[in-house]
Amino acid sequence: MTVTLRLEFRKLRRTRLWLTIGTLLAFELAWVTVALTRTFAQHGDIARDSGVVLGQVLQLHGLFGPLLVAIVASRLSALEHEARMVPRLFALNQSRPSLFRAKFATLLLVTLGYTAVGGAWLVGFGAMTGVTAQWKPIGIFVVGLVAANLAPIAIHLLLALVTTRQVVTLGVGILGGVAGTFVSFVPHAVSLAVPWHYYGVVNPVRMVVDDGSLTGFAPVEGIEWTVAVVAAVGAAVFLVALGIYERVARE
Amino acid sequence: MAPVDRATVVEVWPRYLPATGGCAARSVYHGRMSAPSAVRLDGPGLPGRGNDVAENTARRDSDAPVIHARGLTKRYGTQTVVDQLDMTVHRGRVYGFLGRNGAGKSTTMKMLLDLARPSAGKVSVFGLGLPEHRSRVLPRVGSLIEAPSYYGHLTGEENLDIVRVLKRLPAAEIERVLTLVGLADHRRKRASAYSQGMKQRLGLAMALMGSPELLILDEPTNGLDPAGIQEIRELIVSLPARFGATVLVSSHLLSEIEQMADTVGIIDHGHLRYQGSPRSLEDHGRLRIAVDDSAAAAATLREAGWRVTAVADGEVTLPHLPDDRIARVVRLLVEAGAQLHRVEVRRRSLEEVFLRMTSETPREPLVAA
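For the protein sequence lines, the chains are A and B, in the order given.
Residue 49 in my numbering is what sits at position 49 of the first sequence, and the numbering runs on without skipping anything.
Residue 102 in my numbering is what sits at position 102 of the second sequence, and the numbering runs on without skipping anything.
Extracted from the complex, chain A is given alone in its bound form (with noise of 0.2 angstroms):
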């Protein structure tokens, strides 16, 4: 795993890849900055707490995650294809499930990647405006993402390993991107069957309005519960896709 996991970060050398993905980055730190900053102007005497930068992000995110799963697992399948490196590399012993498992765990570490790196530039943003670290909310925000992408990982990859053509699986990312902003409207069971809701459902805060007006974000009572739900669903989902691409890739 370790070695195949190695040669799909190596095969990734002078892509576009990696621009794609900052800029992505860059796009949604500055629209949560602006947010966040709006935020705190317009009310003042909101709890500034690590619970309102995670309400804004995770908001913002059920539009971004999709797209960054979508963009990613079509890049990582377009290179097998246009290279037509499929075929080679199982005639080179590389086993269907093992194709699929590395570029699984690359999509993942990317995704991982990607929170870090917006987590960290959040908590630096916080510290210079006056937001306490509250780091129990914020483990939960990231192993909460790590499970909702176990899904629409999966999904992505496996439209975007079968299907030679990436407008597919570039077309159900933004649609998962659209219907991820929807997630406030839509009832929690449900949402629990929606995979691009998942950045939504794990939200480990919850605002509170009074009198119509946003006061501030509480802790959501039993995420951890909701969190570990997700992530079965998530390794199920892997789980069938990958069964389903080993069936399909065999001819």
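In case anyone wonders, no lab produced these hints; they're calculated from the structure.
Here a beta-carbon is modelled for each residue, glycine too, at the ideal position from N, C-alpha and C.
Please note that the accuracy of each hint is not assured.
[Unchecked claim] Here are some of the chain A residues that sit facing chain B, going by a computed Cβ distance under 7 angstroms:
1. L12
2. R14
3. P87
4. F90
5. A91
6. L92
7. Q94
8. A249
9. R250
Got chain A; can you put chain B on it based on the hints?
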């Protein structure tokens, strides 16, 4: 590993031909070929890893078929692409897999590499069944299927490094294969900037990584210029002698297979129409005698007990005869007062034989002579 000296290859390769006097005598169809009992290795070894003559001898002495396919069938929906194909490829041979485009060559090769699952039939490589033993079989196989595949944004060297890591080979292997296919000077160039011929060589280099015991090459000279074709052909022909490798090489060009292979399989519409020595495909020819009165000449010959197969206007045709008997026929006709204009042996070229074989679609395979 030193680069191949082409002259040496040409010189050494024939010495590795089986001592039983060529393949023609052993040619039967559909793999029921009795394997050669001994392989003579009386040539000097070449320098380098692949020149361990003892190792090569050991590999070649074991005479079990390297590829053994029985009733191999592949259907896509209602279309049968490969139908009940039986194939046997023996160790140390260059097996030429010949067929028109779309005849089923690539699909067959994919099934031999577990890239496609047979709809029916069985395949074993090195005596190990596929797909159950794929992880034991594939590390011993090098392949080039259809168009060469490579990561265009990576250099030739980086592409080979990916293969090297997957095959768990030492770094020096890259240098060896780059030299072998003549790409050593272009190693740091991106593969996308390679010419078509260089891309084909890169594909071949990937297949040669780790000196595999079996090479499955699908139209390896596609896109090469005549000099490149010649070089690659010589390289392929040299592989059994240099590395003890067995080669299965496909082409739709008879002339190419003729120059490389010691065993030929002809596939048409998914059926293996012939398997055996290319020599057995050769037409022995017919004796044609142009005379002034063909009817009288035919009567004279028949009276004397000769078999006349055809009588046309001014021409009598007999089966192929040895030279001394041709002289007797000529003398007989001259003594009978016939005026002979021309005596010739006409043979169908291999091209004609191949075209004739693949223009029909009988269900039964042809038996090699």
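**Asked** So which hints don't hold here, by number, going up?
**Response** 1, 8
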